[in-house]
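There are 4 protein chains.
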Amino acid sequence: MTTTALAADTPLVIDGVTLGSRLVMGTGGATSLATLEKALVASGTELTTVAMRRHSAQGADSVFAILERQGIRALPNTAGCYTARDAVLTAELAREALETHWIKLEVIADEDTLLPDPVELFTATEELVARGFVVLAYTNDDPALARRLEDAGVAAVMPAGAPIGTGLGILNPHNIELIVTRAGVPVILDAGIGTASEAALAMELGCDAVLLASAVTRARDAVGMAQAMRLAVQAGRGARLAGRIPRRTLALASSPTQGMVTGSREEESL
Amino acid sequence: MTTTALAADTPLVIDGVTLGSRLVMGTGGATSLATLEKALVASGTELTTVAMRRHSAQGADSVFAILERQGIRALPNTAGCYTARDAVLTAELAREALETHWIKLEVIADEDTLLPDPVELFTATEELVARGFVVLAYTNDDPALARRLEDAGVAAVMPAGAPIGTGLGILNPHNIELIVTRAGVPVILDAGIGTASEAALAMELGCDAVLLASAVTRARDAVGMAQAMRLAVQAGRGARLAGRIPRRTLALASSPTQGMVTGSREEESL
Amino acid sequence: MTTTALAADTPLVIDGVTLGSRLVMGTGGATSLATLEKALVASGTELTTVAMRRHSAQGADSVFAILERQGIRALPNTAGCYTARDAVLTAELAREALETHWIKLEVIADEDTLLPDPVELFTATEELVARGFVVLAYTNDDPALARRLEDAGVAAVMPAGAPIGTGLGILNPHNIELIVTRAGVPVILDAGIGTASEAALAMELGCDAVLLASAVTRARDAVGMAQAMRLAVQAGRGARLAGRIPRRTLALASSPTQGMVTGSREEESL
Amino acid sequence: MTTTALAADTPLVIDGVTLGSRLVMGTGGATSLATLEKALVASGTELTTVAMRRHSAQGADSVFAILERQGIRALPNTAGCYTARDAVLTAELAREALETHWIKLEVIADEDTLLPDPVELFTATEELVARGFVVLAYTNDDPALARRLEDAGVAAVMPAGAPIGTGLGILNPHNIELIVTRAGVPVILDAGIGTASEAALAMELGCDAVLLASAVTRARDAVGMAQAMRLAVQAGRGARLAGRIPRRTLALASSPTQGMVTGSREEESL
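Protein chains in written order, with our numbering: chain A, 1 to 270; chain B, 1001 to 1270; chain C, 2001 to 2270; chain D, 3001 to 3270.
Hint data in this document are derived by calculation from the structure and do not stem from the laboratory. You may find that some hints are simply not true.
Okay, the calculated beta carbon distance ranges per label pair [said to hold, decoys possible]:
id : chain 1 : residue 1 : chain 2 : residue 2 : range
1  : A       : Ala-97    : D       : Asp-3151  : 29 to 37 Å
2  : A       : Thr-249   : C       : Arg-2085  : 36 to 44 Å
3  : D       : Thr-3249  : A       : Gly-132   : 51 to 59 Å
4  : B       : Gly-1020  : D       : Thr-3249  : 28 to 36 Å
Computed footprint of chain C on chain D; a stretch qualifies when at least three of its residues, placed anywhere within it, have a C-beta under 8 Å from a C-beta of chain C [said to hold, decoys possible]:
id : region
5  : 3105 to 3118
6  : 3166 to 3175
Given the structure is predicted, the values throughout are model-derived calculations rather than measurements. By construction, the Cβ of each residue, glycine as well, lies at the ideal position given by its N, Cα and C atoms.
Same shape as in the complex, but just chain A:
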């Protein structure tokens, strides 16, 4: 096959680390460790979040063992934290236990929406950056907050497409596009994705990667959905790079027939 833009694409780089896949996975919601492992492999992910408050770093048959076995980088998150203080403590715990200074920062406002608390999130970001963490910040889809977080030093902004686990897709593509246009760090669409087309859309809007968990782990066939998401992220990225046609109000014949005497000027009049 000819070298396409997708084939020639530069990889995703976060904090100097090159990632071969633009699909970041979460582990929550899986029905079994065996299925989770197969799904992670099918997804092709090279970066996977793990909730620190849920898992210890030890244990033979844990999520961490899977990630190590499969050569997938573990990204500890602060899921379940409601205050900056709590999130900072959890991040420190993760750094010590996992020997990584990467942290996916989640500071949740309430259980109903699991949306980030913007005030606590910003406070925690400043504190964690000061402590030398590489912060990947789960945020809402607000372009203004995304920029504040970038100014505060995050390594990636991770806007929600919709509340976690809802499968509502990207509720406000306009905001995601605004975030992407103005961002100087990678943008990872995080939360809300329910199906493959939405992951592709995230990439088409210009996101650098997609993070999802429930969409795969809670699907009827988790492994099949993981594979679909892998393809979708590649498809969306490929379409972004290939440069889509502009939207038009009226039709444009793909098979023009005027003046098309057979054989004449065929190359031009295809």
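Position chains B, C and D relative to chain A; hints supplied.
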């Protein structure tokens, strides 16, 4: 990789013919035959439409030569026909020239929208079926007309997502779902697709295949977009088969943290 | 109040008859005749459809009595007809019983969608026009069929926003706009409206009137919803006439503050 | 007319002040003071924002003179402020000049989006509440921030439908609904409205009022659009109170025809 639903998927069958790809390509809009050939290969298509009024069946360096060289089945269409009578004549011409009784039936209402004329389309369908053609009918997204066409004997219904060449995607997913739910023949989303996520969406809505031309041929990088569309159709099909999560109004934690003492019941509480 | 475009608006005229309201009502779904009468009054309608197969033209306390008492023009429809033949018979019945040659033509494809059958609809239209009827044709949202119906001589095209009774609103605004742009007869958005904003949207898209029934008759407070719909149609019409601002991707300050030294050039720099 | 829910609606109350209209107007973008005055009258508003940095409180022919003449309450805003400190200073200035402790708090992140800076907004809110202001806070559409602002003591939350002046409408109705569902103070949809149907939608989603400026002042016919917006807000409020029909996937006949022998059980089978 584990056998997923996508891997175990039954192929698309039209009129007893098995097709290994669910992406049907059109040839209009290509900037050169060389690029078109590369794009068709990159798309993985096994079925490609050709406008009869535009091409003769002969000629060394024609679209037909490409299709033959690449082992892609040619599907003649009646693009440019505005009446049932004209479409039937064109179909007869194609049958004689190409030795195929398959015809993609297009009867266009006007140049501005290139939407099908439902009355002429229905008349032409009845006539062509009576003459022994295998009719794949390009239609609007009307569930009632789709059923009428099926009752009249078409081998596939091909509803438009949006007017040809507009890249507006699927303007009325509700109608496409209605058509799919009630169809007894393959449904091929035809026209309107602009980018990969829309092709994936068509498959997620339950379409059996997607047909597109301009989205690839007029993209900045036609070959790259062809590859993206191939992946997108697979992704959408895979997601459909894998069974997406239901949409929810409120959040559902993918990383529940209550009662999650490390190690206990980990398999269940992932 | 200053004379606005809304105040100076020309009225809706169908077949030479001037209508003071752009809200056409249906009567189906009402819980009682008393409520129906109040709702019709609250709606301000001057034209209301009645299903001929359901009602006789006689009877003291019938829908017809209400319409006569309130000075509302009755528009018989052919609801429940599945063939052109049936619809023509019903129209003839209505003409005789009600002494009107106006008919709202409905030829339904199936009970699940209640969408019009385009083939039977077109046949019935030609027949009724030939018989001297003033045909207001309930159709799908297909711009091509709308034009065919107009060419066949309908007095108004009545595209569905969504299937009858669904309350899904206008599923394909793009098609409605295409119909309006190309129409030489009044366009009445018919079916699918669920709430006030959707009726307003129909008018903003350029429709000349809106027809609805269930949205009012099945609302919790039918009379209140009738009043809301009356206001919504006026609001949408007014906005259409007033000329909305263009959509912009980025913000435009409504309160610019640069160079705004108090008092200077205040008239211009508001 | 029968008393409907709309007629019996309780008025909007903010900080103990009863407002007879649910349409709050801004003054920016007007082409002349004369047109502005007519538009304000046509809108029926009883509360109108004025940018403090732009206008002095004195001057015979100023916006303030119009508001006083028309009996419209002036709501000073802090448009043009980029920091909490600046916004607090501007609010103090307004309190002194206008003898009102009401302030519409705007703390803008950047000129491109004019979106609020959530961090500065929250800081300013806490400070202003502490100083005894009645704060109506212009915020993004984030349900978490809306709650934080309410907890901090705002009198009303004013989420943006879209960036100021864009006319993009309500980009994320899901978030607006979440904000409304959880709010204990009035919710005023602020910014982004371009046309009447969008103002109606805001009310249907449950907002207590709508604020707009450009949609009226920059319309081709500002006075006509003001009138349309007045009707739209009433229509949307009326529809909300009347209780819309549920959305359905399939059709529901509004004109059922089975078993409809004339006269029998007519009351029930309407």
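Is the distance from the Cβ of Ala-97 of chain A to the Cβ of Asp-3151 of chain D consistent with 29 to 37 Å? Cβ of Ala-97 of chain A to Cβ of Asp-3151 of chain D: about 34 Å, so the range 29 to 37 Å holds.
Check the following: the C-beta atoms of Thr-249 of chain A and Arg-2085 of chain C are separated by a distance inside 36 to 44 Å. The hint (36 to 44 Å, Cβ to Cβ) holds, given that Thr-249 of chain A and Arg-2085 of chain C are roughly 39 Å apart.
Given the hint of 51 to 59 Å, check if Thr-3249 of chain D and Gly-132 of chain A actually sit that far apart at their C-beta atoms. holds, 54 Å
Does the region 3105 to 3118 of chain D contain three or more residues whose Cβ lies closer than 8 Å to a Cβ of chain C? That given contact holds, which follows from 5 residues of the region 3105 to 3118 of chain D lying within Cβ reach (below 8 Å) of chain C.
Verdict for Gly-1020 of chain B, Thr-3249 of chain D (Cβ pair) under range 28 to 36 Å: Distance hint for Gly-1020 of chain B, Thr-3249 of chain D holds at roughly 34 Å.
Using a Cβ cutoff of 8 Å, are there at least 3 residues of the region 3166 to 3175 of chain D near chain C, or does the coverage claim fail? The restraint on the region 3166 to 3175 of chain D holds, since 3 of its residues have a Cβ under 8 Å from chain C and three suffice.
No hint from the list above goes unmet by this structure.
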